[in-house]
Amino acid sequence: MPELIDNLYSLGDQIEDTRAPDVPIAEMWTKAKFDNKLVNPTNRRKLSVIIVGTGLAGGAAAATLGEAGYHVKSFCYQDSPRRAHSVAAQGGINAAKNYNDDGDSIYRLFYDTVKGGDYRSRESNSYRLAEVSANIIDQCVAQGVPFARDYGGLLDNRSFGGVQVARTFYARGQTGQQLLIGAYQAMERQVAEGTVEQFTRHEMLEVIIVDGKARGIIARDMVTGEIETHLADVVVLASGGYGNVFYLSTNAMGCNVTATWRAHRKGAYFANPCYTQIHPTCIPVAGDYQSKLTLMSESLRNDGRIWVPKSRDDVEKDPRDIPEEDRDYYLERKYPAFGNLVPRDIGSRQAKVVCDEGRGVGPKVGDFRRGVYLDFASAIERMGEEAVKAKYGNLFDMYQQITGENPYEVPMRIYPAVHYTMGGLWVDYNLETTVPGLFAAGEANFSDHGANRLGASSLMQCLSDGYFVLPNTIRDYLASGPFEPVAEDAPEVLEARKTVEDRIEKLLSINGDRTVDSFHKELGNIVWEYCGMERNDAGLRKGIDLVRSLREEFWRNVKVPGSATTLNQSLEKAGRVADFFELAELMFIDALHRTESCGCHFRSESQTEDGEALRDDDKFAYVAAWEFTGGDEGTFEPPVLHKEDLVYNFIQLKQRSYK
Amino acid sequence: MNLTLKIWRQSGPDAQGELVTYPVNDVSEDMSFLEMLDVLNEDLTAKDEEPVAFDSDCREGICGMCSLMINGEAHGPEVTTTCQLHMRSFSDGETITIEPWRAQAFPLVKDLIVDRSAFDRIIQAGGYISVKTGAAVEANNLQVQKHKADRAFDTATCIGCGACVAACPNASGMLFLGAKITHLGELPQGQAERDSRVVKMINQHDAEDFGGCQNLGECSAACPKEIPLNVISQLNRDFIKAKS
Ligand SMILES: Cc1cc2nc3c(=O)[nH]c(=O)nc-3n(C[C@H](O)[C@H](O)[C@H](O)COP(=O)(O)OP(=O)(O)OC[C@H]3O[C@@H](n4cnc5c(N)ncnc54)[C@H](O)[C@@H]3O)c2cc1C
Ligand code: SF4
Ligand code: FES
Numbered sequence: 001m002p003e004l005i006d007n008l009y010s011l012g013d014q015i016e017d018t019r020a021p022d023v024p025i026a027e028m029w030t031k032a033k034f035d036n037k038l039v040n041p042t043n044r045r046k047l048s049v050i051i052v053g054t055g056l057a058g059g060a061a062a063a064t065l066g067e068a069g070y071h072v073k074s075f076c077y078q079d080s081p082r083r084a085h086s087v088a089a090q091g092g093i094n095a096a097k098n099y100n101d102d103g104d105s106i107y108r109l110f111y112d113t114v115k116g117g118d119y120r121s122r123e124s125n126s127y128r129l130a131e132v133s134a135n136i137i138d139q140c141v142a143q144g145v146p147f148a149r150d151y152g153g154l155l156d157n158r159s160f161g162g163v164q165v166a167r168t169f170y171a172r173g174q175t176g177q178q179l180l181i182g183a184y185q186a187m188e189r190q191v192a193e194g195t196v197e198q199f200t201r202h203e204m205l206e207v208i209i210v211d212g213k214a215r216g217i218i219a220r221d222m223v224t225g226e227i228e229t230h231l232a233d234v235v236v237l238a239s240g241g242y243g244n245v246f247y248l249s250t251n252a253m254g255c256n257v258t259a260t261w262r263a264h265r266k267g268a269y270f271a272n273p274c275y276t277q278i279h280p281t282c283i284p285v286a287g288d289y290q291s292k293l294t295l296m297s298e299s300l301r302n303d304g305r306i307w308v309p310k311s312r313d314d315v316e317k318d319p320r321d322i323p324e325e326d327r328d329y330y331l332e333r334k335y336p337a338f339g340n341l342v343p344r345d346i347g348s349r350q351a352k353v354v355c356d357e358g359r360g361v362g363p364k365v366g367d368f369r370r371g372v373y374l375d376f377a378s379a380i381e382r383m384g385e386e387a388v389k390a391k392y393g394n395l396f397d398m399y400q401q402i403t404g405e406n407p408y409e410v411p412m413r414i415y416p417a418v419h420y421t422m423g424g425l426w427v428d429y430n431l432e433t434t435v436p437g438l439f440a441a442g443e444a445n446f447s448d449h450g451a452n453r454l455g456a457s458s459l460m461q462c463l464s465d466g467y468f469v470l471p472n473t474i475r476d477y478l479a480s481g482p483f484e485p486v487a488e489d490a491p492e493v494l495e496a497r498k499t500v501e502d503r504i505e506k507l508l509s510i511n512g513d514r515t516v517d518s519f520h521k522e523l524g525n526i527v528w529e530y531c532g533m534e535r536n537d538a539g540l541r542k543g544i545d546l547v548r549s550l551r552e553e554f555w556r557n558v559k560v561p562g563s564a565t566t567l568n569q570s571l572e573k574a575g576r577v578a579d580f581f582e583l584a585e586l587m588f589i590d591a592l593h594r595t596e597s598c599g600c601h602f603r604s605e606s607q608t609e610d611g612e613a614l615r616d617d618d619k620f621a622y623v624a625a626w627e628f629t630g631g632d633e634g635t636f637e638p639p640v641l642h643k644e645d646l647v648y649n650f651i652q653l654k655q656r657s658y659k
Numbered sequence: 001m002n003l004t005l006k007i008w009r010q011s012g013p014d015a016q017g018e019l020v021t022y023p024v025n026d027v028s029e030d031m032s033f034l035e036m037l038d039v040l041n042e043d044l045t046a047k048d049e050e051p052v053a054f055d056s057d058c059r060e061g062i063c064g065m066c067s068l069m070i071n072g073e074a075h076g077p078e079v080t081t082t083c084q085l086h087m088r089s090f091s092d093g094e095t096i097t098i099e100p101w102r103a104q105a106f107p108l109v110k111d112l113i114v115d116r117s118a119f120d121r122i123i124q125a126g127g128y129i130s131v132k133t134g135a136a137v138e139a140n141n142l143q144v145q146k147h148k149a150d151r152a153f154d155t156a157t158c159i160g161c162g163a164c165v166a167a168c169p170n171a172s173g174m175l176f177l178g179a180k181i182t183h184l185g186e187l188p189q190g191q192a193e194r195d196s197r198v199v200k201m202i203n204q205h206d207a208e209d210f211g212g213c214q215n216l217g218e219c220s221a222a223c224p225k226e227i228p229l230n231v232i233s234q235l236n237r238d239f240i241k242a243k244s
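One line per chain: the protein sequences are A and B, in this order.
When we follow the numbering used here, the leftmost residue of the first sequence carries the number 1, and every step to the right adds one.
When we follow the numbering used here, the leftmost residue of the second sequence carries the number 1, and every step to the right adds one.
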């Protein structure tokens with residue numbers, strides 16, 4: 001039995017990525033593609049691929065692998081693949097096209113990604129992402145994605161938080177939707193061709209592992225309740241992020257950790273679970289009935305100015321009556337070079353700082369007002385209302401719809417909200433997890449963004465993974481297939497089915513006093529309070545105790561009405577919340593063990609004199625990959641930490657500065 | 001505010017359905033319509049009754065998952081999705097009737113949930129531009145006039161919610177179809193398949209039991225993304241041209 005640290009976890013062997021070829025970084029991907037084995041076109045049809053998720057990562061992968069001739073089975077929990085949460089992305093997608101000749105390049109995008117991630121991402125993966133980015137735009141345009149164009153008919157760009165070049169492609173405020181429709185249509189084309197089989201309203205609840213390899217999944221048909229076995233030669237999880245562990249987030253209601261957590265329980269390491277991104281520009285919480293938070297694209301920061309009153313005495317005043325000299329444009333003041341365009345983690349934390357000082361605006365939540373102004377008055381004066389409307393009209397409408405206030409007249413109120421999870425399943429350069437034959441793509445993996453993701457870089461990563469990376473790396477894996485067929489009644493299959501059935505049965509039979517949502521809300525509060533924007537030793541320890549005792553109550557006192565054999569939304573939610581409970585504990589342990597601050601992980605014990613995140617590169621320049629060690633439903637044994645050292649051969653580690 | 005809800009309850013596709021009355025109290029006007037239903041469902045669960053099944057996911061008006069006929073109007077009284085509708089659009093003491101989309105082509109699944117997979121099959125029939133991954137040319141080699149790009153975008157904003165079908169007395173899917181035909185037809189990339197696309201998609205539309213279009217305009221009035229009625233004229237023009 002290895003020694004327990006803090007009574008919470010133990011230390012295991014180091015791990016490393018062995019898949020990136022040992023050549024200069026600019027040649028790696030070309031070399032890898034060449035080295036990856038080929039599959040004869042006539043053999044492809046005999047090889048089957050399960051893809052869980054139809055977002056940009058899963059949808060793009062399904063379309064491309066289908067097109068290549070493999071037999072693809074695609075799963076999503078919504079009623080159509082087109083509704084995956086990628087659809088909600090507003091702002092844009094980055095690509096190193098350098099159309100504006102403003103000094104952009106693959107190398108600069110690579111550099112910005114690594115720096116933005118506060119030097120906690122793997123160089124090889126981040127470089128490939130930048131390298132592939134230009135192809136993504138070509139692909140999407142060819143599919144008919146209606147990106148914004150200038151009057152000359154060429155593609156238009158804007159700049160996004162944390163960088164100084166304009167490399168973001170966009171489709172008004174609906175970039176995610178337009179990209180997703182492109183991927184969805186490409187995938188539907190393959191459905192018609194018969195290469196992709198589509199399973200909607202299906203929730204994956206378990207991975208099937210035979211002889212150490214991922215060979216299928218157990219899914220529940222959410223309409224009939226039937227538990228189904230699906231077998232394949234390889235399994236891809238592209239199931240999105242786990243921000244809903246916080247209950248309130250900008251994620252869709254159904255976003256969950258179940259797919260990746262079930263894989264984690266079966267041997268896939270989970271990397272950096274505590275790296276969660278809080279987005280600075282969301283609409284503040286209005287009441288305790290609130291079911292989700294709404295993001296306002298951070299493109300608003302290009303023309304809007306963020307401020308709070310200088311004095312606490314002014315917070316209840318009509319903002320229009322507060323004269324210029326009594327306003328504190330705190331980002332412009334503290335970060336003159338980047339101003340309102342500082343990276344997200346800084347923008348968010350500074351909003352918290354001014355609200356903690358009692359200078360927040362809007363209604364009181366608890367003891368504080370949690371809101372800051374995002375003001376377009378000067379933009380309207382400079383550009384005219386029409387121009388502002390053309391650029392941001394739909395965002396303004398959305399704001400008005402939700403708050404009932406007119407942002408052309410009164411400054412908007414914003415506050416940070418949970419938005420994105422950099423953590424996820426550990427993968428190597430090939431996007432393969434620690435379980436052979438199990439791949440993870442998109443937000444579900446941990447790979448490219450380190451401790452903080454730059455705006456407009458997730459869509460890029462998802463499409464890079466789906467269109468370009470996976471199809472190349474999976475082929476290498478499949479070249480050694482088709483594998484020995486697995487029988488539907490093989491012991492491993494029956495065991496996976498039984499796990500699923502027992503769990504459903506258990507959730508339905510507890511019949512306690514509290515609803516699933518009430519547990520989820522309370523869990524979310526704990527995680528937000530103690531593992532949110534700012535973390536410290538005492539709070540994290542307290543959080544672990546709170547999560548454990550609430551989880552214990554959940555398994556004793558939750559009430560899940562209805563039956564297993566019909567459409568049952570309470571049951572669906574219960575399963576997801578049960579997995580969030582386990583994930584939450586791992587997030588706390590990860591955050592507690594990392595006593596440095598980096599990117600979005602801000603430990604109050606580790607900050608510079610100016611209150612910025614202070615890294616400890618000697619101790620923490622590694623990826624924390626956690627291994628599950630056992631435990632019945634609802635409990636888990638102390639996990640094992642495996643470190644992957646981050647070696648920087650091309651980019652020099654620096655203290656980030658956006659001053 | 002206090003409200004009376006009349007909600008369609010139906011335990012499955014073949015079961016008998018009925019409107020059931022539920023009073024709800026202390027509704028805040030800042031709540032969204034679906035949050036109001038969440039509160040009702042929490043109460044029902046506490047009282048050992050089965051909560052009302054309804055669809056939603058993004059709750060930002062973009063995924064197209066939410067639906068609901070609210071007092072006979074698809075997505076309710078405002079030009080938006082049900083998830084973006086807020087209770088300030090209603091008044092104290094009101095009775096609100098909530099029903100599922102009703103259309104032959106959208107069979108009922110449970111309570112307020114219907115099956116809209118017919119839309120996916122229409123897209124499968126031809127709602128795409130055929131281009132292999134990796135085979136695309138440099139993006140800026142292709143210029144698109146701004147007004148065309150804008151129109152393509154405006155029609156590409158369709159979220160596939162089905163409100164147009166629910167609002168149409170004939171349960172026609174022509175607005176949905178016209179939006180896709182116009183989006184792809186405005187772009188130079190979409191020309192090669194323009195003729196075959198419209199024919200295949202219309203055939204699939206008809207095979208799915210959607211009704212015909214009589215130009216009543218209810219679809220466009222109900223559409224949360226304000227897809228204009230003239231996409232249907234575009235659809236008809238393209239169809240006639242393709243057939244001739
Ligand atoms: C409001 C918002 C705005 C954003 N804006 C931007 C932006 O402007 N630029 C940018 O780059 N990024 C943005 N992001 C981030 C980005 O949109 C996401 O990180 C990205 O789209 C995730 O894509 P994905 O393919 O990994 O997963 P998703 O699109 O979330 O798809 C997950 C898929 O998995 C399926 N699934 C999940 N669990 C299961 C299960 N158990 N069984 C079966 N199926 C399952 C779902 O049905 C879905 O199909 C934004 C995110 C949000 C929330
Ligand atoms: S055309 Fe409008 S109403 Fe019809 S599906 Fe599209 S968005 Fe919904
Ligand atoms: S829930 Fe997504 S549009 Fe309403």
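Hints listed in this document are in silico derivations from the structure and should not be mistaken for laboratory results.
The reader is advised that the hints may include incorrect statements.
[What the hints assert, rightly or not] Some, not all, of what chain B presents toward chain A, calculated at C-beta under 7 Å:
#, residue
1, Trp8
2, Tyr22
3, Val24
4, Glu35
5, Leu40
6, Glu42
7, Asp43
8, Thr45
9, Ala53
10, Met87
11, Ile96
12, Ile129
13, Ala136
14, His147
15, Asn215
Note that the structure is predicted; figures quoted are calculated from it, not measured.
The beta carbon of each residue, even a glycine, is placed where N, CA and C say it ideally should be.
Hints, verified against the model:
The beta carbon of B/Trp8 is not positioned within 7 Å of any beta carbon in chain A (closest approach about 15 Å), and the interface hint is therefore violated. Taken as an interface hint, B/Tyr22 does not check out: its beta carbon lies about 16 Å from the nearest beta carbon of chain A, beyond 7 Å. Here the hint on B/Val24 is broken, as its CB sits about 12 Å from the closest CB of chain A, past 7 Å. Taking 7 Å as the C-beta cut-off, the interface hint given for B/Glu35 holds, the closest approach to chain A being about 5 Å.
Because the smallest distance between the Cβ of B/Leu40 and any Cβ of chain A comes to about 11 Å, over 7 Å, the interface hint for this residue is violated. Because the smallest distance between the Cβ of B/Glu42 and any Cβ of chain A comes to about 6 Å, under 7 Å, the interface hint for this residue holds. Because the beta carbon of B/Asp43 sits about 10 Å from the nearest beta carbon in chain A, more than 7 Å, this interface hint is broken. For the restraint placing B/Thr45 at the interface with chain A, the shortest Cβ-Cβ distance is roughly 5 Å, inside the 7 Å limit, so the hint holds.
With a cut of 7 Å, the hint placing B/Ala53 at the interface with chain A holds, because the nearest CB-to-CB distance is about 6 Å. Interface restraint check for B/Met87: the shortest CB-CB distance to chain A comes to about 10 Å, outside 7 Å, so the restraint is violated. Look at B/Ile96: its Cβ only gets to about 17 Å from chain A, farther than 7 Å, so that hint breaks. At a threshold of 7 Å, the smallest CB-CB gap from B/Ile129 to chain A is about 5 Å, leaving the interface hint in force.
Given hint, B/Ala136 at the interface with chain A, holds; its Cβ is 4 Å from that chain's nearest Cβ, closer than 7 Å. About 10 Å separates the beta-carbon of B/His147 from the nearest beta-carbon of chain A, more than 7 Å, and the hint is not met. With 7 Å as the threshold, the beta carbon of B/Asn215 stays out of range of chain A, its nearest partner Cβ sitting at about 27 Å, so the hint is violated.
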